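Could you put together the complete structure from these sequences and hints?
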Amino acid sequence: MAIPAPDTPLPLLPAQQQQWIAHHEDPANPQYNCGGYFRLTGGLREKALTAAIAAAYSETEALRVIFHEQDGQPWQTVVAAGPVPLSSVDLPDEAAAIDWMKSALAVPFELRGGDQVCSQTLIKTGEREWFLFFRYHHIALDAYGAHRYLLRVAQHYNALVTGEPAPPGGFAGLAQLVAEDDAYASSPRAQRDADYWRHVLSTPVSWSGFASHDLPAGPSPLRSVAPVSDKSRAAFLELSARTGVRWPVLVMAITACRLSVLTDSPDVVIGLLAANRSTLAAVKTPANLASELPLRIDVRSERTFTDLLGQVGERLGEAIRHQRAHLDQVPNSPTLRTFVNVIAFGDQAHFTGCESEFRVLATGPASNFRVNCYGEATRDLLLEYEVNSRLYDEFQLARHQEGMLSSLDQLITTPDTRLSDVLALAV
Numbered sequence: 001m002a003i004p005a006p007d008t009p010l011p012l013l014p015a016q017q018q019q020w021i022a023h024h025e026d027p028a029n030p031q032y033n034c035g036g037y038f039r040l041t042g043g044l045r046e047k048a049l050t051a052a053i054a055a056a057y058s059e060t061e062a063l064r065v066i067f068h069e070q071d072g073q074p075w076q077t078v079v080a081a082g083p084v085p086l087s088s089v090d091l092p093d094e095a096a097a098i099d100w101m102k103s104a105l106a107v108p109f110e111l112r113g114g115d116q117v118c119s120q121t122l123i124k125t126g127e128r129e130w131f132l133f134f135r136y137h138h139i140a141l142d143a144y145g146a147h148r149y150l151l152r153v154a155q156h157y158n159a160l161v162t163g164e165p166a167p168p169g170g171f172a173g174l175a176q177l178v179a180e181d182d183a184y185a186s187s188p189r190a191q192r193d194a195d196y197w198r199h200v201l202s203t204p205v206s207w208s209g210f211a212s213h214d215l216p217a218g219p220s221p222l223r224s225v226a227p228v229s230d231k232s233r234a235a236f237l238e239l240s241a242r243t244g245v246r247w248p249v250l251v252m253a254i255t256a257c258r259l260s261v262l263t264d265s266p267d268v269v270i271g272l273l274a275a276n277r278s279t280l281a282a283v284k285t286p287a288n289l290a291s292e293l294p295l296r297i298d299v300r301s302e303r304t305f306t307d308l309l310g311q312v313g314e315r316l317g318e319a320i321r322h323q324r325a326h327l328d329q330v331p332n333s334p335t336l337r338t339f340v341n342v343i344a345f346g347d348q349a350h351f352t353g354c355e356s357e358f359r360v361l362a363t364g365p366a367s368n369f370r371v372n373c374y375g376e377a378t379r380d381l382l383l384e385y386e387v388n389s390r391l392y393d394e395f396q397l398a399r400h401q402e403g404m405l406s407s408l409d410q411l412i413t414t415p416d417t418r419l420s421d422v423l424a425l426a427v
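In terms of the UniProt record's numbering, the sequence shown has 71 at position 71, counting the first letter as 1, and numbering is strictly consecutive.
These are computed hints drawn from the structure, not numbers from a lab. Please read these numbers as outputs of a predicted model, since none were measured by experiment.
Pairs of lysine-lysine residues, derived as DSBU-like cross-links and limited to a Cα-Cα distance of at most 35 Å, are as follows:
no., residue 1, residue 2
1, 284, 124
2, 102, 47
3, 102, 284
4, 47, 284
5, 102, 124
6, 47, 124
Each pair of labels, with its calculated beta carbon distance range:
no., residue 1, residue 2, range
7, 70, 229, 53 to 59 Å
8, 202, 300, 16 to 22 Å
9, 25, 278, 28 to 34 Å
10, 265, 398, 23 to 29 Å
11, 382, 102, 19 to 25 Å
Backbone N, C-alpha and C define an ideal beta-carbon position, used for all residues, glycine too.
The following block contains the structure:
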């Protein structure tokens with residue numbers, strides 16, 4: 001596997017290539033802006049935080065690229081770290097801070113103009129309250145990559161505060177990730193992965209959208225967060241103990257049922273946002289490698305919900321095993337409209353001497369309908385909905401959210417009842 005020399009212009013990774021094209025179809029639309037913030041309360045040491053960000057930024061090549069075109073093709077070049085990418089601002093309270101961050105997320109990045117692909121701001125709202133805001137373009141990082149970067153910032157901060165050495169980061173360079181993808185593309189594994197998806201998609205895919213048509217994504221999606229009721233959580237824990245089903249599989253099965261009801265078809269496709277980390281370098285490194293996988297589900301009325309959970313679990317396992325495939329090269333790859341995004345990255349960042357809480361403000365475009373799945377059996381279970389604001393209004397979003405929760409309540413408490421008997425009530 002040949003790795004290009006430092007400072008060599010690099011081709012874009014597959015996920016980046018797709019987003020480069022989509023971004024420039026509407027470059028004034030900030031739909032690919034992503035970001036969130038830590039609310040930090042307590043004894044934050046600002047100089048240590050500045051140094052921690054400088055250290056993590058210098059290790060993260062994906063945040064230090066500039067893009068350019070040559071002969072109509074995009075390239076990226078890693079540049080030196082330069083000044084610490086952290087600004088500061090004082091604001092009166094939390095509401096003002098959140099308004100400020102949302103306004104910043106509404107400003108698009110100019111990728112062709114050599115803009116930095118991220119910015120970080122420390123907002124002070126009181127003597128012992130700060131908001132550390134991280135804004136970035138999706139072309140640089142996927143959600144897993146952003147998590148890895150912010151975790152590294154916290155590791156450096158904690159080391160500086162405690163005087164202990166920071167643990168090894170182990171980040172690879174972009175050149176290695178590009179070389180690994182090139183090696184994969186010409187490997188027998190790539191052929192096996194492509195063969196799997198050709199088989200899955202060998203027959204035409206039915207329309208699988210909560211809305212009956214498509215429109216370009218709006219500048220920012222409509223968002224709504226709904227906690228799962230105590231009754232449903234208890235029923236899930238009981239079902240999980242009996243069948244081994246995990247929370248994301250349950251959410252995918254519920255989503256498949258809703259799609260089947262709304263489209264009047266047993267053949268539905270759910271878009272799965274997969275981290276696509278199949279090598280040690282990819283697992284450790286902040287980058288944009290995520291893939292969108294079509295999870296094809298057969299929702300037949302003679303099946304019970306327990307049967308459906310088994311099928312979804314099998315399809316999910318198969319999809320993950322073949323997640324590296326370059327699906328843009330597979331015939332009949334469908335347009336994915338309804339996504340389930342599993343957000344569970346393990347270790348959470350914490351800052352010594354502070355209470356910290358992270359909140360997501362933007363995760364990129366919602367082309368149609370996306371369900372973000374948070375929580376595990378031992379934590380609160382949350383479903384966050386992000387929908388295309390050009391396809392849905394607040395009323396429609398609330399109606400679909402209610403339908404999802406109603407289906408969850410019905411199916412999880414009667415998992416061995418025929419689906420036809422339950423779904424007939426869920427229209």
